[in-house]
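> As a plain string of letters, each chain reads:
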Amino acid sequence: MKALQIRRNIARFGAARVVGAVSPSGATKVGPLEYRTIEDPERPGDGWHRVRTRLAGICGSDLSLIGGRASTYFESWVSFPFVPGHEVVGELVDGDEAGTRVVLEPVLGHAARDFPLPFDGARPADGDDYAHLAVTSQDGVEPAIQTGFCCSTGGGWAPWFWAHESQLHRLNLPINDLPDERAVLIEPFAGGIHAALLAAPIVEGRANPVVAVLGAGTMGLAAIAGLRRYIPDIRIVVGARYPHQRELALAFGADVVVTATELDRAVRREVGCHMLGGGESGALSSGADVTIDAVGSSRSIADSLRITRPRGRVVLLGMPAHVELDLTGLWHREIDLKGAYTYGTETLSDGTVTDTFHLAIDTVTAVEAERLLSATYSLDEHLDAIDHAATAGRRGAIKIAFDLRESN
Amino acid sequence: MPRPGFVLDVDRSTPPTLFWRGEGFSLERLPADRSRIIYPPEPLAGLDNLDGHIRDALLNPLDMDPLPELLKPDMKLTICFDDASLSLPKMQQPDNRQRIVEAVLDMAAEAGVDDVHIIAALGLHRRMHEYELRHVLGDRIVDAFLPKGFLYQHDAEDPDNITEIGHTDEGEVLEINKRAAESDLVVYANINQVAMDGGWKSLTTGLASYRCLSEHHNPASLQNTRSLMDRHHSALHKSIWRMGELLRDSGPTVFQVETTINTEAFPSPFEFLAKREWEWTARDRGLFLASSKSLNKLPNRTKRKLFHKIEAPYRTTSVQAGFTATVHERTLENVYQQHLVEVDGQTDILTMGIPFISPYNPESIMNPILVMCMGLGYLFNMYRGKPLVKEGGVVIMTHPTYEEFHPVHHPSYIDFFDEVLADTNDPAVMSTKWEKKYAEDEWYRHLYRTSYAYHGVHPFYAWYWGAHGQQHAGKVIIVGGYAATVRKLGFTPASTMNDALEIASDTVGRSPTISHLHVPGVLVADVK
Amino acid sequence: MAGRTSHQYIRRGQRPDGAHRSIHVAQRAASMVEGAVRTAARPLARYGFPYRRPTAPKHVVVPRKPNGLGDTYDTEWARQPLARSLRGVIIEGPMRLAVRTIASPRVSGLDRLTDLLRVDNPRPVIFAPNHHSHIDTGVMIRSIPASWRHELVVAAAADYFFDARWKAALSALALNAIPIDRGATSRATFDRLRDVIADGNSLIIYPEGGRSPDGWGQDFKGGAAYLSTRTSAPIIPVHIDGTGEIFGKGANRLSPGRTAVLFGTPLLAAEGENTRRFNERIEAAVARLGDETLTDWWTATRNAASGRSPKLSGPDHNSWRRQWRLGEKRRGSTAGIRRRRIRRWPDLG
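Residue numbers (my numbering), protein chains in the order written: chain A, 1 to 408; chain B, 409 to 936; chain C, 937 to 1285.
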């Protein structure tokens, strides 16, 4: 089949980085992503279903990989050559369930790799040992953190791929109640909601808690929606760069929305603390209880540290890669620096135990998340699609996806 | 398969869009989410074997006998043709008029017609230079008829050569060229570039006198012309049609030949002008940059020379011949097929780029009055139904609006600009106070008849052409024009598009909706 | 060095099987270059459209022009005099050198072609070799007798060799390649091939449709047979041995070795023989040549006569035994062995 594939071609990764400095669209052309005929992946074993892609989103981590900027950390956690695409809504192909729409929970967890579950009812991403991700499973599933980074399963940027039973969430709602355009946002929303729930332990018991969100792309907006729905009685302050992002942040439940550069003053006004120094060396005397950084650059992490109160928490939602950072503030303020990669089993403030995907399915419906899907492209238009995704903010877009419903 | 025109809603992904700026162009970014750009339909396919189609139309006319049956050896035959104001830019040779006139002459020769006159139906326009006649009719006709004096240009100020046909029911007088009036058959060879042209207008204006033209070329009827491109809602055309009916009843037999052309106005390397910006190839972008940068450096004279040298590769989309009214209905259908774009509702602002050419400056200078005429007269009128801009809205044009006039072609325009516009820019006032003086000025009359000047009254007509737009718009802003000149026109100068939008906010508020008319490519917005 | 790191506090890498060092070095280099380029290019950021490609507005369908790549790529220019002479230089110069150093083919069976070659202007033929490696084409071009070599066209996968303009141009120039769609061969592709044969060109077509994925051959597709019946150009079955070991599918480095090219007896479709049967005959002929390469002519002939020629596609079972048999086959082969085996002391870490 013809699919988009990333091969381990060091020259192309390097070229993408260098060309990307001048022209982002040129980077895709010389980069590691290619539209080519690939061999159909073989069924890895029992419990694996063939899923025909309907919509597959383009995620920030995909972009950094295509642009050659991904961290070498992933070297051991991916298996080349792979088909990217982990934000997928698709449909089952074989058997009685053919035609059933599904959303992929992309992590290739214990069940998918024939490892014993860490606890009963564990979701793919649960567990405190990632060994299963980094070794080839008995069925021959190569190392990879997720579908979309694994050479054995295929990925969403292809007409079809393999998904394990444990990765599938069947959508039993009719297509009018949960359109594909909405369903494709479930995976990123699950990520955002997971980050939002990480704020809960810090704000618990605080009077007038404030949560700041830096960045209002897909992930930032998902986090805002999650905060509003699942963390009661908080003030949400959002710093976002583009006007359409600010509008959506307000619509998703933010209390105060400002441009990114004004976020420190907005947080100060909410909290009522002092502001010490100015510019990059400045900091608030107190600050937001939790700051969710949905950007993931050196600048944004530094900003997050400056606006978070002592003993508060900074949640890194955007994938940071290689950053340069002054950690004095972190040390002095005893701030928690918390990563937020994925989703799994969650405990809500009222004690209910559920999994993030279910929360995400509820949330995308509640906020009508399809409005975030700005444009779709076919696979052979991938240059335009990647370019659009890479310049989404500037072009008034949020999420870009591949649409394979017609070609499939 | 040419794509139909369409309305683009500007978003943040939309590249800046093309604006004419006289003899140059620029790319302007319109505000996202509240602007729309109306793109014209792509050029329709032209007819193959055009000569065959013309012959076919002459042999199978609408509501008339075939042309050969109308031709008798001892008859008086007069052939009239549209002047240099059509087409814009001039079409590559052979011109449609040459093809038509040659076909008619072929048949006339076969029928043994001896008495043939060929008259340029130029109304009050300037006379055509010989090279223009040669371009329009071709050397064969000019060489055969011009030296003997059988090819000449209509003279509206020659009392010996004007005949009164009669008065319409509304009391309008119809006076036309005497030779045509006394002919047994008048054949009119026409090019229909826009819906305003053709029909009875060809003959009753092209061969008319000043007295006759002022019956409908006046502020009252032009303010009631909604629009010039929609004959059925135009006071001007209604008056002309009344005259046409009079002509049908008491004038000579008229055999009208109309041709419609597509919108392929720019040859290589300027094709990119008519392309949609996001489809510009690397070559197009390179050409745009090279041409716009170098045009900025050139003196106006040189730029003008360059642009007026352009010959359009128009293709003809239809030919129809026969009884004027019937022919014209068919023509209109074909014209609209090329031009109509459905547009939903009006906006607060209408933007347009004013090109280097208007119907009144072929091979000449686009003076400030013609900028007004082109913007508020022609482009503003490119609608059917309702104007694109709301009443009291703002019209923004881009043009350098330099205070330059062609001394030979536009002598009365200079005085109009200095004298009349210093006094008033209200069409009604100027028509009662100044028009007569200019119309009867002996020097202008002399220049019109013997040189290549527009008639003395013509600047008034050009100004009246914009009367409806002027009345409708709350404010008119010209971006990039000389401030003093723009103010004299009664408009507001602005240095950039952003400034213009800021100035407009006084009239239409902080976030107005905007329509942009994408020129070139001609279109008529069918506003619902 | 794999597994060592320059950081003092980590003594052992966790995964001694990866060659990650090169990636780190590359990443660091790219990052440095990127930084420099980014700084240098900063002033360019102001220049959007029309200096850069425009972006299309939302909801607008941009008509796509056929890109002229893939099986629509026009290779006619590569058969013009200038390109031909350039190709001549490439084939006799760099390609000759490369094939000799990398593959050092031993060519045999050319005597079977003498009848076809004995005339002044030999008729066009279709070579149908098995396919293991990209270097097959180079080896074939060098092994084919000179009177055919300079009017030789190679049918190459449209989706692989013609998917980018530079690749297409290079394939067309150096190999005189013609794109064919290996999925469903279209009428146009067939007509094009028929035309080049009619123009007097010979053709190399790999009936397997692609390189071997695992060292064993694949079933032959009927294209070559069909073309031969329609153009009456004889098929010359060819067996290439050893190229898979040198640069097989998925290999990322060359390991130069020896190869053997064995030409078979020209075949023509018999009266009334349909394409499918003819194709089977071609496949059997190549399989027989494979057997002959490994054993000897007489053994191969007897095996063929009794229907015991080892199949090109290997044993039917799909397990370790398939790989096992392949190893056995390779041991028997004289080809593919490294010419200079570099002897080293075992690396004891």
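A hint or two may mislead.
To be verified - Cut-off 27 angstroms, straight-line C-alpha distance, at most; resulting in silico cross-link-like pairs (DSS-like, lysine-lysine):
no. : chain 1 : residue 1 : chain 2 : residue 2
1   : A       : Lys-2     : C       : Lys-1247
2   : C       : Lys-1103  : A       : Lys-29
3   : C       : Lys-1001  : A       : Lys-29
Honestly, the hints are just simulated from the structure, not real lab data. Treat the numbers as computed from the prediction; the structure is a model and nothing was measured.
> Determine for every hint whether it applies to the structure shown.
Evaluated hints:
| no. | hint | in the structure |
| --- | --- | --- |
| 1 | Lys-2(A) - Lys-1247(C) | 30 angstroms, violated |
| 2 | Lys-1103(C) - Lys-29(A) | 14 angstroms, holds |
| 3 | Lys-1001(C) - Lys-29(A) | 18 angstroms, holds |
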